[in-house]
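K.L.:
Sequence:
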Amino acid sequence: MKKLLKLSPVLILAILLSSCSSVRVAADYDKEVNFNQYKSFAFFKPGIDKAEISDLDKRRILRAIEAELLAKGMTKSETPDMLVSIFTKEREQVNVYNNGFGPYGYGWGWSPWYWSSYNSVSTTTEGILYIDLIDAKRKELVWQGQGVGYLTHNMEEKDERIKEFVFKILEKYPPEGKK
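Each residue of the sequence shown is one higher than the last, beginning at 839 in this note's numbering.
These aren't lab readings, by the way, just hints derived from the structure by calculation. Note that this is a predicted model, so its numbers are computed, not measured. A couple of the hints might just be wrong.
[To be verified] With a straight-line Cα cutoff of 30 Å, these simulated DSBU-like cross-link-like pairs (lysine-lysine) come out:
(1) Lys996 / Lys869
(2) Lys888 / Lys1010
(3) Lys1001 / Lys896
(4) Lys1006 / Lys896
(5) Lys1001 / Lys883
(6) Lys975 / Lys869
With these hints in hand, go ahead and build the complete structure from the sequences.
P.N.:
Here you go:
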């Protein structure tokens, strides 16, 4: 019992950290496809060229995707089984906080009808990364992963943030029961 009491704060912290992922992911796939047939990949340049992000960020994303797919046992090839494409979106979110204390105020010696309030406005950028996996022979989308999370403009953190997005999305590939 004493061991359980000592471990409970650690377990609670682990559960909280694992449930508070900073990237929310979803995946969809063609249920008729046998994903075991895909052993090699290449990037689908026409699709990647349409992504509206900087070329530096595209290279970061493609390097991260390549590393994850190689780690899953796939090989990069000139004659691939699967093509990889990306698509991105971003949206600015404006958060307004109004902390009004009401008509009676909150202060020293002011009129009882003095309105005291505190306002703040902050903006954050939320990004969406789609990773599309396309059957190279049929030219049909067979799997799509989506990651949604807040972006950073800090150059030191950008590489790690992109790797986190890609890792979390490709955790869903191949689909459960379709490996």
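K.L.:
Next, verify each hint and record whether it holds.
P.N.:
Status of the hints after comparison with the structure:
1. This hinted pair does not check out: Lys996 and Lys869 have alpha carbons roughly 34 Å apart, beyond 30 Å.
2. A C-alpha spacing of about 24 Å is found between Lys888 and Lys1010, which places the hinted pair at or below 30 Å, so the restraint holds.
3. At most 30 Å may separate the alpha-carbon atoms for a hinted pair to count; Lys1001 and Lys896 meet this at roughly 12 Å.
4. This hinted pair checks out: Lys1006 and Lys896 have alpha carbons roughly 17 Å apart, not beyond 30 Å.
5. Using a Cα cut-off of 30 Å, the hinted pair Lys1001 and Lys883 holds, with the two alpha carbons roughly 20 Å apart.
6. This hinted pair checks out: Lys975 and Lys869 have alpha carbons roughly 18 Å apart, not beyond 30 Å.
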